[in-house]
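Here the protein sequences line up with chains A and B, keeping their order. Reminder that position 113 of the first sequence reads as 113 in the numbering used here, one-by-one numbering, no gaps. To convert, count from 1 in the second sequence and add 146; that's the numbering used here.
If you are wondering where the hints come from, they were derived from the structure by calculation, not from laboratory data. From the three backbone atoms N, C-alpha and C, an ideal C-beta is built for every residue, glycine too. One or more of the hints may lead you astray.
What the hints assert, rightly or not - Over the 12 Å line for every Cβ pair with chain B, so calculated as not near, a few chain A residues:
(1) 5
(2) 9
(3) 16
(4) 17
(5) 24
(6) 26
(7) 54
(8) 57
(9) 105
(10) 106
(11) 110
(12) 111
(13) 117
(14) 133
Unchecked claim - With a cut-off of at most 30 Å between alpha-carbon atoms, the simulated DSS-like pairs for lysine-lysine come out as follows:
(15) 12/A <-> 232/B
(16) 102/A <-> 258/B
(17) 2/A <-> 232/B
(18) 57/A <-> 250/B
(19) 250/B <-> 78/A
(20) 258/B <-> 37/A
(21) 102/A <-> 216/B
(22) 10/A <-> 216/B
(23) 37/A <-> 250/B
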Amino acid sequence: MKTKNNIDKKLKIQSRTENLSVIREFIQSAAEEVGMKPGVTEDVMLAVDEACTNIMKHAYKSYPDGEILLKLKYSDHKLTIIIVDYGNSFHPENVPDPDLQKYYRQHRVGGLGMYLMKTLMDEVSYNSVPGKYNEVYLTKYLNNSH
Amino acid sequence: MAEFSTSIKDKGNVSIIYLNGYLDAHTAPQLETNFSELIDRDKYNIVVNFTDLHYISSAGLGVFMAYIEKIRENEGDIKLSSMSDKVYNIFDLLGFPLLYEIFKSEDEAISKFKETGNVENKK
C-alpha cells in the first residue's frame, strides 16, 4: 500500500469506556496509512487510550454521554493527535510522577497513564479553558528509525 | 467482538488466570472480578498467564495493584508469566518488575510457589 504524506481525520465519540477499542482502531488505521511501524503505532495507541481514559474518568467523572473529539493530523513526518473534551478542567502540574511503593500501600494507582503518555510520545501538552474545553496534544515524529 | 476474556484453572493449590485479548479501562473490571472470586475462595497462590494478552493499558496494571497486598497478607502472591515483549515493556516502564515476579513460563511461576513452600503450607 502506498503511504500518504498528509492526513487530516476526526473522530467524535461519547465518553464511555467501551469506545476505547474504537479509538484504538481509529489510531491504528491512520498510522497504517502513513506507514508507521507497528511498534510505534502501538505506543501511540496506548498513549491515546490513556489520554481518553483520563478524560472519561476525571473530566467527565464516568458520565457516559460526554463528547470527546479526536483530531489527527500528519504532515512533514509529524503525527499530532489533539483530544478535546468539554468536561472538568485538568491541572497536569498537580499530578506527580507515579510512586509504586506508595500505591502498593494504598491499593490504588494514579498518574500511571500520564507517565506512559510522556514516555511513549515525543511531546505532550495540555491546554485548558475552564468551563469551556480541555485539549491534550500528543505528538510523535516519524523518522527513518521509526 | 469479544475483546477480552479470562479463564481460570487450578493446578494443585495454585490458581492460574489466563488472559486473552485487550485489557483496558473497559475490560479491567472483569479481571477484578476474577481476583475477588479467588480471594473469596481463599485462593491466594495465583499465577497470571499473559500468553494470549495482546494489549494492556494502565487501567489493567492497576488491577494487580488493587489486590496484591491482601494476597500477600495471606501468604500468597500474584506471579506473572509468559508476557510478550510488548506487554512486558509496559510493565517495565512503570517499574512493576520491582513489585512482581515475572517468569518466562507458567511452569516456572508455579514451581516458584513450591520452592517457597506456599503450596505445601496450604495443604
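Hint by hint, here is what the structure shows:
Distance check for residue 5/A against chain B: the nearest CB is about 28 Å away, which clears 12 Å, and the non-interface claim stands. Chain B leaves residue 9/A outside its interface by the beta-carbon criterion, the shortest separation being 22 Å against a cut-off of 12 Å. Listed as outside the interface, residue 16/A is inconsistent with that label: its C-beta sits roughly 8 Å from the nearest C-beta of chain B, within the 12 Å cut-off. For residue 17/A, the non-interface assignment is contradicted: its Cβ lies about 4 Å from the closest Cβ of chain B, within the 12 Å cut-off.
Once the 12 Å rule is applied to beta carbons, residue 24/A is inconsistent with being away from chain B; the minimum gap is 8 Å. Under the 12 Å C-beta cut-off, the non-interface status given to residue 26/A relative to chain B holds; the minimum distance is some 14 Å. For residue 54/A, the requirement that its beta carbon stay farther than 12 Å from each beta carbon of chain B is not met, with the minimum near 9 Å. Consistency note on residue 57/A: stated as away from chain B, yet its beta-carbon is not over 12 Å from all of that chain's, at 7 Å minimum.
The beta carbon of residue 105/A sits about 7 Å from the closest Cβ of chain B, which is not more than 12 Å, so the claim that it is off the interface is violated. Not every beta carbon of chain B lies more than 12 Å from that of residue 106/A, the smallest distance being close to 9 Å; the non-interface claim is violated. A Cβ of chain B approaches the Cβ of residue 110/A within 12 Å, the least distance being about 9 Å, so the stated non-interface status is violated. Residue 111/A, annotated as away from the interface, has a beta carbon of chain B within 12 Å; the closest lies near 9 Å.
Not every CB of chain B is more than 12 Å from the CB of residue 117/A (nearest about 10 Å), against its label as outside the interface. In this structure residue 133/A is separated from chain B by more than 12 Å, as the shortest Cβ-Cβ distance comes to about 22 Å. With a CA separation close to 29 Å, the supplied pair residue 12/A and residue 232/B stays within the 30 Å bound. Simply put, residue 102/A and residue 258/B have alpha-carbon atoms about 26 Å apart, close enough for the 30 Å limit, and the pair holds.
As the CA atoms of residue 2/A and residue 232/B are separated by approximately 27 Å, the hinted pair is consistent with the 30 Å bound. Distance check on the hinted pair: residue 57/A and residue 250/B sit about 34 Å apart at the alpha-carbon level, beyond 30 Å; violated. With a CA separation close to 37 Å, the supplied pair residue 250/B and residue 78/A exceeds the 30 Å bound. Pair hint residue 258/B plus residue 37/A does not hold up; C-alpha atoms about 37 Å apart against a cutoff of 30 Å.
Between the alpha carbons of residue 102/A and residue 216/B the distance comes to roughly 15 Å, so the proposed pair stays at or under 30 Å and holds. Restraint check for residue 10/A and residue 216/B: the C-alpha separation of about 44 Å exceeds 30 Å, so the hint is violated. Between the alpha carbons of residue 37/A and residue 250/B the distance comes to roughly 26 Å, so the proposed pair stays at or under 30 Å and holds.
Of the numbered hints given earlier, the model fails hints 3, 4, 5, 7, 8, 9, 10, 11, 12, 13, 18, 19, 20, 22; all others are met.
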